[in-house]
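Turn these sequences into a full structure, and let the hints guide you.
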Amino acid sequence: MTLRHFLTTQDYSRAEIDALLEQAAAFKRSPRGQQLAGKSVALMFFNPSMRTRTSFELGAFHMGGHAIVLAPGKDAWPIEFEVGTVMDGDTEEHIAEVARVLSRYVDLIAVRAFPKFQDWSVDREDNVIKAFAKYATVPVINMETITHPCQELAHAMALKEHLGNLQNKKYVLTWTYHPKPLNTAVANSALLIATKMGMDVTLLCPTPDYVLDERYMEFGYQNAKENGGSLKVSHNIEEAYRGADVVYAKSWGALPFFGRWEQEKPTREANKHFIVDEAKMALTNNGLFSHCLPLRRNVKATDAVMDSPACIAIDEAENRLHVQKAVMASLIGQR
Amino acid sequence: MTLRHFLTTQDYSRAEIDALLEQAAAFKRSPRGQQLAGKSVALMFFNPSMRTRTSFELGAFHMGGHAIVLAPGKDAWPIEFEVGTVMDGDTEEHIAEVARVLSRYVDLIAVRAFPKFQDWSVDREDNVIKAFAKYATVPVINMETITHPCQELAHAMALKEHLGNLQNKKYVLTWTYHPKPLNTAVANSALLIATKMGMDVTLLCPTPDYVLDERYMEFGYQNAKENGGSLKVSHNIEEAYRGADVVYAKSWGALPFFGRWEQEKPTREANKHFIVDEAKMALTNNGLFSHCLPLRRNVKATDAVMDSPACIAIDEAENRLHVQKAVMASLIGQR
Amino acid sequence: MTLRHFLTTQDYSRAEIDALLEQAAAFKRSPRGQQLAGKSVALMFFNPSMRTRTSFELGAFHMGGHAIVLAPGKDAWPIEFEVGTVMDGDTEEHIAEVARVLSRYVDLIAVRAFPKFQDWSVDREDNVIKAFAKYATVPVINMETITHPCQELAHAMALKEHLGNLQNKKYVLTWTYHPKPLNTAVANSALLIATKMGMDVTLLCPTPDYVLDERYMEFGYQNAKENGGSLKVSHNIEEAYRGADVVYAKSWGALPFFGRWEQEKPTREANKHFIVDEAKMALTNNGLFSHCLPLRRNVKATDAVMDSPACIAIDEAENRLHVQKAVMASLIGQR
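Residue numbers (the UniProt record's numbering), protein chains in the order written: chain A, 1 to 335; chain B, 1 to 335; chain C, 1 to 335.
Be aware that one or more of the hints could be misleading.
The list makes no distinction among identical chains, and a pair is therefore deemed to hold if it is satisfied within one copy or across any two copies.
Stated by the list, open to error - Lysine-lysine pairs mimicking DSS-like chemistry, simulated, CA-CA at most 30 Å apart:
| # | residue 1 | residue 2 |
| --- | --- | --- |
| 1 | K272 | K74 |
| 2 | K130 | K74 |
| 3 | K134 | K28 |
| 4 | K180 | K74 |
| 5 | K116 | K130 |
| 6 | K116 | K74 |
| 7 | K116 | K232 |
| 8 | K180 | K116 |
For the record, the hints were derived by calculation from the structure and aren't laboratory data. Just so you know, these numbers come straight off a predicted model, no measurement behind them.
Here it is as structure tokens:
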């Protein structure tokens, strides 16, 4: 029997995603259980976190389990991920040992490992979490690498709570400005889950340079086809927003400039007007607004939008707790 | 129904304070319970901690609950507290989202946020914890900002254990030297609780510059009046110590020099003789000595005083655990 | 009745060590219990950790208890260990208060405090953990200082699992290269436990400068005598490996160069060939290989050795969990 991980929603069928969302809804109605009684999960944070850490740690506690929070390179030893290296540099320990030892201690391993932002051809291989999955003998959960599947589930759950059936709802994923070039993970993930739920998806971004990695674009087109939705790219703000049922905002760095961010800066700064504001939201079909958080107010979205009833970002954040409990309970269940 | 927080003891009547102290004494006799069964508290540390973090985390555990420890800006995202800001600087997330999201996850939020020590007119507004209280939909607990109400309760509890009735006991709050200009929080708090318990309180400090903020002096005079005690300021060491039942030591920076600490340094250094030693303690009425800890030995108090039977600082520290359990149980009870 | 700590295995008789190993084996078969129900342990990390922290935290959880993780000087106040100091430097709090206060909160205190690597005559006094043991009123556990007794138990347990009776098994502790001069703790500990188990022990190192501190050599000779084994030093790789049942690798800095590490560097670098590889392992009696981890692959041991069936380092790491539960349960039991 193959060990099942939760690395990307693409490894899960639509029916399996729907089942996870139903279990999450059950956890929201009735939060306490014993699904993880006496069990434990290691949370490996290569990058900072507030929501993710809190919701995983609490999720384990709610189900009778315990989360161990580890920050390699900060309060734990720096880890080597390459195979065959002569480890005479900074790393003190190989992922083979880390993953095998952790697998002896805990029942689940969750990993947050952002890109290093120097070479996309390297970062897009997602080597850190793949190495955990390769060597671990317990299930591995993605807490955000180059996709963010837990956020996807929380997002879909919030949309379903507010809209009911999502089939062919008009969904806009809009790029926004941010002073730093950010990870494409949540944008990739928004594409994946919106198309998987059969929505009519528009990826709105300033120029073709901001289109996402072809792997995720391909998955999007394929998901749309399989689930009766659609996917298109637009650079026209008004056209994209008009009639939208959902606006999901995210900033990300343009992949062709990956690692040469100074050269991307002028384009990014020329497009601050992509901010989500009341004028744009007025073009929608009384649309919902959401964001994965953290969000810089008045940079990515205005105070007025954030504080409006249309904003469901807090609901989405809450749902992280419920969906992650569903994921953990489901993965533990297979053992 | 208004949500009740625990931001300062001034929001609590003498009868409510007495009730919390009684509940704390009950926890000391019988530490385990289920008052927080399945519940959780987020501990937000903007500054370091040993006692506070340990006692809150254990307190939650003793009552069947779970504490999440977060350090914004270190292992969580840096937070914006101003309203309406265009967040294109260092902060990644607004307190409105942080407090609302945490309120969906946990049942209590506790906050440690020291002053920034640059502008007292800003720091005295206590904006960080006030912003948590404004946006949170769960009770907020002060783990030390510009007052330290949990320390107040632990201090009062220790004094009652050793002295019984505190009414009109002679209480000296003495300034001491410390190489750095420290927070006035515990000094403010000592004034508040000592006057609230009806003691005859002397604030002993080197010069009028070391008198505390007028807000807390006013609260002190008002508390003294309402509870049959008194409050006076003295710069005379011998006079202040003579006949004292309690000596409580604390160092703090002089408010008129706030943010211009180099100019305060000569005065501070000229008053190293405020150290609590055996000669001074010999002037008291067989008085107790205490301190909130951490304490620099032989700077604020001598080894001889710290190691004498008069020193009840360890008891006071222990009581942090018991009073905080009373506070958490009481706040959870209202929901 | 004297309070019993777990500072070094030298304080424990062979029979007591055997009893702890039996209890650990029982925990391995049946991990959950209530031996620490409602109890707590403070884990004081003056240095980083992955295995130690995870295994102690989980161990407490498995037995119904709770671990508090503290990092003094990072997320808690820096601590003074000298007696009588005028604390006007960097330290904010004396160990006398830290240990006494923690003893009021928790039921066990575990301490990791590596040497400072400047003056071995200071470091060999092990003042940090000794100060905890002096002032604490609860049992203190060594999580690695200048010895690593928890690792010793885990190591002995893994060897017994694979070899059965260890009496007069041929055991080689080999020095290996590492780019930095490391702590002798695990090397000292390997000597102590291997001789205590009655094995025939060879300490293999490049030159007499790498022989361990006389205190641990003496303990080794004494243990060997009492338990029917032997201890010798060798600088001949082939001779040492030939016929070995166990090869245990560790790198450490040569004590005569302590604090003058630049002068040791040429010798260290001239001995990279001490790496554990297949050729050397082929000389053994189908010997086992182990290491305490973290291990730099292809520096201390080759990939081929690490990935061979002879390598029991992962088993040894797993056993940390079981032996530490035995230690905690045993120390709690005395109270």
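Checklist line | Hint check, failures only | finding: none
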